Amino acid sequence: MNKASVIAYAKQLARCSDLDDDTLDIYYDDVMETIAKDANAPFMDAAQFTITSGTATYDYASDALVLHAVFVHDKILAPARVSDLEAYNDAWRSLSDTPYAMTEDELTARTFMLIPNPDTTSDSLIPVHGEPFGEDYPDNIGVQLYAESPDDLPDWVSTCVALRILALDFARPSEYQDVAFAEACTKLAEVFWKGTGL
Amino acid sequence: MSRQAGPTTEILLKRVREYGGLATDTDYAISILSRCQRIANAGFGFVKTSGTLTVPKQKLIYTYRSEFASAIDITSVKVGTRRLLRVDTLSDLAALDIDWWRKIDGTRLEAFCQLGRSLLILYPGLASASSATVTYTKLTTAATSFSGNYNDDLELPDEQLDFALMLAEALLLLSSRRNLEASKRLSDLTEAVTQQLNLRSTL
Chain A
519 MNKASVIAYA
529 KQLARCSDLD
539 DDTLDIYYDD
549 VMETIAKDAN
559 APFMDAAQFT
569 ITSGTATYDY
579 ASDALVLHAV
589 FVHDKILAPA
599 RVSDLEAYND
609 AWRSLSDTPY
619 AMTEDELTAR
629 TFMLIPNPDT
639 TSDSLIPVHG
649 EPFGEDYPDN
659 IGVQLYAESP
669 DDLPDWVSTC
679 VALRILALDF
689 ARPSEYQDVA
699 FAEACTKLAE
709 VFWKGTGL
Chain B
-5 MSRQAGPTTE
5 ILLKRVREYG
15 GLATDTDYAI
25 SILSRCQRIA
35 NAGFGFVKTS
45 GTLTVPKQKL
55 IYTYRSEFAS
65 AIDITSVKVG
75 TRRLLRVDTL
85 SDLAALDIDW
95 WRKIDGTRLE
105 AFCQLGRSLL
115 ILYPGLASAS
125 SATVTYTKLT
135 TAATSFSGNY
145 NDDLELPDEQ
155 LDFALMLAEA
165 LLLLSSRRNL
175 EASKRLSDLT
185 EAVTQQLNLR
195 STL
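Protein sequence lines, in the order shown, are assigned to chains A and B.
Numbers given in the working numbering equal positions in the first sequence, counted from 1, plus 518.
Note that the working numbering gives residue 99 to position 105 of the second sequence, counting from 1, and the numbers run on in steps of one.
Excised from the complex, chain A in its bound form (with noise of 0.2 Å):
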């Protein structure tokens, strides 16, 4: 289902001539992103990106929505803190070599920094065999693992977005706030969430 569909089923279960389509849209994507946040999140996707040597930031992928682990050729890089990375060498930020760790303090949002500075450019990805995860994989290149919203949301999980799309915009105030109907919404909502297995 694509973002409009769930938005209609939500109104559907609402049975509420007054949801307003661009709230709710705004709602949607807030839900989404909750989910995304948690540890089990259901929607992972991975996607290559180049790295150049002597740059350290990178942004998400364009549909990332949560960062999930980043892989440099043949390493997944350990999360740091700045302050940890400190504590270790004050020159953090100038050392330059193969990436072990990666961190997102301290940088715009969307963005996160390998460290130490990359000294290696990617290969080229050639498209040979139509696998860029397999025998085309190039040299050097970073792999992104990060939660996402999908585009098509599946069957199964769509009735727990609508429900937390409803319990958010029945609970604001407007001139149809009904906060015992947001409430339950909230609650079979985690129920629903439960029985699906998350």
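Honestly, the hints are just simulated from the structure, not real lab data.
A quick note: this is a predicted structure, and the numbers were derived from the prediction, not measured.
The beta-carbon is built from N, C-alpha and C at its ideal position, and this holds for glycine as well.
Fair warning: there could be bad hints in the mix.
To be verified - Here's a subset of chain B near chain A, in silico, CB distances under 10 Å, partners left out:
#1 Y22
#2 S25
#3 I26
#4 I92
#5 R111
#6 L161
#7 N173
#8 R179
Fit chain B to the supplied structure of chain A, relying on the hints for placement.
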């Protein structure tokens, strides 16, 4: 044994005291039941199926939802009759082999790791292409039309259908703004979910 979608929807409507769909459209009711049986199956894996996954040379990571469109949760991966070890996290994979991410010269698959409900890692990458049998909890067939799907068999086994009916009942009551009744169903549901989870953990 399984029940048909139409008569089960009629039972659902009786449970919410809307005989024949007075205030609840029958197509709406059957679609709610359909979604709830999918939720029940997603959580408790009553209905499973298997498929063959092509394992290309050197590949470790798969988007399994694009390989098996109806797959929800992977329960086992086998090569022939040999079952692969299930590991739950990337840390567990690292405990198996610190260089697991680019271990691509394997002679046989050893382990699998499911990440969320979309990614599958098969360790190690193989030096030559192979295949594996993946067993997964499937997305049960949808029913959307009361008249069109009336005689369709629901895929959930008979004894598990009551759980899906309870979910559907709570959802319909809530949808009709019968919040108090929905709340009462909620406590039954919470108990039923806990019971199912306990049962699952003892199996």
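I'd like to know which numbered hints this structure contradicts. Please list them from smallest to largest.
none
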